[in-house]
Structures are given as structure tokens and as C-alpha cells.
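Undergrad: Residue numbers (my numbering), protein chains in the order written: chain A, 1 to 180; chain B, 1 to 430.
Calculated directly from the structure, the hints in this document are not laboratory data.
No residue lacks a Cβ here, since even glycine has one placed at the ideal position from N, Cα and C.
Treat the hints with care, as some may be off.
Claimed, not checked - So the derived label-pair ranges between C-beta atoms look like this: (1) B:L305 - A:D146: 43 to 51 Å; (2) B:P274 - A:A45: 19 to 27 Å; (3) B:R188 - A:H35: 32 to 40 Å; (4) B:Q313 - A:A45: 29 to 37 Å; (5) B:T77 - A:P86: 29 to 37 Å; (6) A:R172 - B:L350: 23 to 31 Å; (7) A:D117 - B:R188: 47 to 55 Å.
As the list claims (entries may be wrong) - The calculated lysine-lysine pairs, modelled on DSS-like cross-linking and capped at a C-alpha distance of 30 Å, are: (8) B:K124 - A:K110; (9) B:K220 - B:K309; (10) B:K124 - A:K167; (11) A:K110 - B:K385; (12) A:K167 - B:K309; (13) B:K220 - A:K167; (14) B:K89 - A:K167; (15) B:K89 - A:K110.
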Amino acid sequence: MEEQKPQAADLENKLNSNPEGKTPSPFAAALQREHPEWVAHEVEALGETTIIVPREYIVAACHFLKTEPGLNFNFLSDVCGFDRGPEEEPRFEVNYHLFSTTRFHRLRLKVLLNEDDAHVPTVTGVWRTANWHERETFDLFGVVFDEHPDLRRILLPDDWQGHALRKDFPLRGYEPYSLE
Amino acid sequence: MSHVQSPRSKAADIGHWTLDLGLLEMSSVANIPPQFEVVDRPLDTQMTISMGPQHPSTHGVLRLELVLDGEMVVKATPDIGYLHTGMEKLFEYRKYQQGIVITDRMDYLNPLGNNLAYVMAVEKLLELEIPERAQTIRVLTCEMQRIASHLVWLGTHALDIGAMTVFFYAFREREKILNLIEAASGGRLTPSYFRIGGLMMDIPAGFERRVQQFLDEFPKAVKEFHTLVSGNRIFQKRTQGVGVITAEDAIDWGLSGPSLRGSGVALDIRRANPYCGYENYDFEIPTEPDCDVWARYMVRMREMLESHKIVIQALARLKPGPVKADAPKIVLPDREAMKTHMDALIHHFLIVAEGFDVPAGEVYMPIEASKGELGVYVQSTGGPKPARVHFRGPSFVNLSALPHMSHGAMVADIVAIIGSLDIVLGEIDR
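Use the sequences and the hints to build the structure in full.
TA: In C-alpha cells form, the structure reads like this:
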């Protein structure tokens with residue numbers, strides 16, 4: 001416990017000084033200090049921080065970011081998928097947009113997934129709001145969120161074939177949808 | 001006598017078995033053993049009914065699957081997607097500037113907010129500087145749009161609960177705002193007024209005077225709404241203590257905007273992550289501590305007056321100047337310049353025919369829309385069309401908390417709770 005408190009204060013100083021440019025963001029530094037493998041890559045661009053997290057650590061990293069006093073990312077703004085295209089490997093991205101209602105800072109976490117193994121653990125255990133966001137990503141991209149409590153299609157009908165926001169899904173679909 | 005604690009024992013708390021419990025209480029007060037056995041057993045007729053999608057108080061085409069025990073809601077499961085038109089897919093097949101008209105059709109009660117979030121996301125990718133006058137007009141029109149959006153909410157929310165008159169008064173005021181927006185942009189419901197790099201065009205002559213006239217009349221109208229609704233005993237009974245969600249749960253469920261502020265959390269993106277120069281405006285963030293439908297009602301009522309304050313300040317700030325950024329390869333030239341200058345004509349042709357390249361990158365642009373945090377995620381891989389556009393609609397997230405808020409409520413309360421969340425299905429289904 002004695003070690004943790006100076007760490008939190010240190011982190012706070014870094015957050016207040018708001019370093020821009022080449023130095024790693026305080027969020028990435030905090031994640032790396034907690035567990036070196038949580039940060040696979042870090043991008044600072046256009047005033048936003050993106051941290052690429054290996055899939056197996058996403059729940060632990062989210063939990064840490066939410067509960068760490070200096071970070072306090074208690075609000076999950078958004079989860080959305082992205083398809084880089086069928087020829088790309090890894091093909092899918094899942095972006096988590098985190099926000100803190102007390103410190104007002106934002107952070108994007110990114111998980112990269114291969115097409116043949118598009119599974120990622122759910123973060124509904126960390127923020128309950130992830131439920132519908134993950135259902136939407138599953139519906140439109142076919143990314144499976146393991147251990148999700150209610151992983152059903154949300155926008156498209158249950159018997160819909162394919163995943164509409166994938167790049168290889170045609171804009172007008174394959175055939176007119178019929179309710180029969 | 002046995003009083004079995006069943007999983008749905010909340011029914012007893014809420015008064016489903018009022019008669020039985022009432023007898024029990026009376027007899028225990030008088031110290032007389034009860035003459036009737038108190039039974040708290042689930043009805044054999046637990047029933048699932050479908051509310052919507054064409055139910056008038058579901059604000060569009062929302063279907064709720066309600067599991068009912070008598071009149072008490074055991075479980076409410078929203079079923080959405082009836083309005084899904086694949087807008088996010090459509091963005092990927094359109095140039096950046098063509099995406100603006102799609103945003104109008106998402107939250108159709110707050111189209112300028114959607115325009116703003118989208119163009120600001122693209123402007124952030126392009127690292128464009130927007131002139132001061134354009135920023136001020138954006139704030140001015142967006143705040144008027146927020147009032148208009150809240151007026152629709154007020155009218156329909158009161159209508160759902162049974163107060164019909166308010167609707168006409170609210171829509172009378174809204175009409176004045178829509179006329180102003182039409183004067184500026186040419187569109188009442190789908191203005192597409194903001195363009196990447198500024199505005200479509202400057203506000204017309206005499207606009208300030210008409211806004212001023214609206215501003216002078218509006219506080220009186222709010223007073224009218226209060227006399228119509230706030231003092232109404234029926235409205236109070238229908239809303240107080242209904243649909244309670246604590247601040248902690250509200251944050252966990254991702255509630256934002258007035259729905260979150262009704263739980264006592266003073267969070268407003270205009271303050272937390274200012275944009276468009278909101279840090280220079282003086283306004284308050286109204287919050288209410290009660291966490292119920294009534295609290296969310298009061299927050300929106302107070303918020304309309306805060307927006308009124310911002311419009312007054314924006315009007316005072318309007319200084320002559322350009323309303324488009326100085327970026328000839330991105331912003332369309334003036335009509336006159338196009339007809340008289342060779343380079344303007346070339347730029348016009350290239351922007352319309354080929355679009356403009358946006359450097360690769362990704363942004364998430366959150367704004368405070370009338371219903372909460374509207375976030376736009378745009379990813380570019382270069383070229384004139386976006387690779388991905390995603391809208392984090394506040395209605396989508398706020399609706400996902402409905403099952404949590406409606407547990408143990410009466411069927412009639414569901415209508416009040418949906419109204420208090422102020423959802424728009426166009427934004428939920430996209």
C-alpha cells in the first residue's frame with residue numbers, strides 16, 4: 001500500500017503536465033508499469049491516445065484502467081468494430097473508447113483480431129453498458145465476444161445471413177430480405 | 001401463515017398485493033391475528049406481451065417484450081432495429097461531404113447536433129481551423145436546436161402521461177425555432193447547415209433580429225409550461241419515484257446528457273471536453289438529485305433556459321467575418337468566384353467530382369447533443385471516402401438501461417420511463 005500512493009501522485013503530476021509528442025502517454029506508462037505485456041503498441045495522433053492491447057489482456061487492462069485512482073476510466077463511451085478488408089491480416093479491429101467522468105480524459109483501446117479466430121473476451125463485467133455495443137459489433141462484423149451474457153443480433157433480424165459492415169458484404173445485400 | 005420470499009417479492013413492496021398486505025397491516029396494528037391467509041405466490045398467468053412496434057408512446061418503432069406478473073413488469077427487453085437502414089455502411093460508399101446529409105436523418109430532432117459532430121470529426125482529421133464567426137453561428141443554431149429537441153420531448157412526454165395541452169404549446173414554440181433554422185439553411189428538419197470547413201452559407205439579413213424576438217418570448221413560454229405541467233398533481237404522481245437509477249448505476253450503464261444529470265452527476269461534454277469555443281460561454285449544468293423521471297424532467301426544463309442564455313451570448317458575440325475556412329481544396333468556392341475565377345472553377349469541379357483526400361488516421365469526436373454524448377468515430381485510410389464512420393448515439397445507450405430502470409415498475413410507468421429517456425429511434429437503429 002505504501003508503494004501505491006506515491007505512484008498515484010506521480011501519475012497525477014504526469015496527467016496534469018499533459019505531455020505531448022514523443023514521450024509515452026501517462027496511460028500507456030501506467031499500463032506498462034502494472035503489466036509490461038498489456039501495451040503492444042501505442043499511437044499518439046491528433047490529440048488522441050490509442051493503445052493496442054493484446055486480446056487476452058483486454059479485460060484485465062480495462063479493469064485496471066477503471067479502478068486505478070489516478071486514471072478512473074469509469075465510463076465506457078463506445079465500442080465499435082472495423083473491418084480492414086478481407087485481404088488484411090489481422091482483419092478486424094475492436095475499438096474501446098474510455099472516458100472518465102471525474103477527470104474528463106479519454107483513451108482508445110484497440111484489439112486486433114484475425115478472421116479465422118475473431119473472438120475477444122467481453123468487458124460487460126467491467127462496464128454493463130458494453131452489452132449492447134458488443135451485440136452491435138457482433139451483429140455487424142461477426143466478432144464473437146466470449147462469455148457475453150446475451151450475444152444476439154441487435155439491429156438486423158435473427159435469421160440474417162452474413163455481417164453487414166464487413167467490407168466484402170455488398171452495399172445492397174445479396175438478395176431482398178423476406179420475412180418468410 | 002406463511003410469507004414466502006419469492007424471487008419476485010418486490011411485487012409485495014410495490015403494492016401488487018396491496019389488498020392482502022393492507023389487511024395484514026391493519027390486523028397487526030390491532031394485534032388481532034389475520035383472518036385471511038396472506039399468499040404471495042406468483043400468478044400462474046405470468047404473461048409475455050409485445051408493446052410496440054407501432055405503439056404511440058414508444059416514440060417510433062421500438063418494440064418491448066414485457067414479461068408481466070399482473071400489471072407489474074418482471075422483465076422488459078427492448079427489441080430494436082425496425083428502422084435500421086445501414087447508414088454506417090452508406091458512409092463508406094459516399095464522399096466525406098456527402099455524409100453530412102445522412103447524419104440529418106439519424107437523430108431527426110437534433111439534426112444540427114449530428115451535422116456538427118460529423119463535420120468536426122472530419123475537420124479534426126484534416127486539422128482545419130474554423131473561423132470565429134462560423135463557430136459562433138454553430139453554437140447559436142445548435143443551442144436553438146437543443147431547445148427545439150427538448151420541446152418535442154416535453155410535448156410527447158406529457159402526451160404519453162396524459163396531458164394533451166402541453167403538446168400544442170410546445171410545438172408552437174418549436175415552430176418558431178424551425179422557421180429560424182429554415183431561414184438560415186433552407187431546411188426545417190434536415191438542414192445540413194454545417195459543412196466541412198464552416199457553414200453552407202452565412203445567416204441571412206435580419207436573422208439576428210428574428211432570433212432576438214424569439215429570445216424575448218421564450219422565457220414566458222417556459223413559465224407557461226411550468227404552470228401547465230410542473231404543478232400538476234397527476235404528473236407529479238406519475239413521475240416521482242418512478243424509473244429510479246442511481247448515479248453509480250447510471251455511469252455504469254453509460255447514461256449521458258440530461259438522463260445522467262437527473263441522477264445528480266454534473267457531467268456535460270461542453271464543459272468536460274469543450275469544443276466550438278464553449279469554454280467561453282457562461283452557463284450552468286443543471287442537476288437534480290432524485291434519480292427519477294421527475295428529476296430528468298426538471299433537468300431538461302432548466303436546461304432549456306441555460307441554452308437560452310447561451311444563445312443570448314452567442315448573438316452578442318457575432319462579429320462580421322468569413323464563415324468558411326481558407327482551404328480552397330476542401331471548401332467549395334463562392335458562386336460568384338466560381339464563375340469568374342479559373343482556379344475557383346477547377347477546385348469546385350475537383351471537390352464535386354472527386355472529393356478531397358483525408359489523411360489516414362482515426363478520431364473520436366464527442367459532443368453534447370440534446371440527448372447526451374454523441375460520439376462520432378471516423379477512420380480514414382486516405383482517399384475521398386471514409387473507411388469507417390460510427391455513431392455512438394446517446395439514445396442507443398440510454399435505451400439499453402431501460403431493463404434496469406423498469407424492473408418492478410407498472411406497465412404505465414414504462415411509458416413514463418421511455419419518455420424520460422428521450423429516445424429517437426432513427427439514431428438507435430441508424
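Undergrad: Which hint numbers does the structure go against, in order from smallest to largest?
TA: 3, 12, 13
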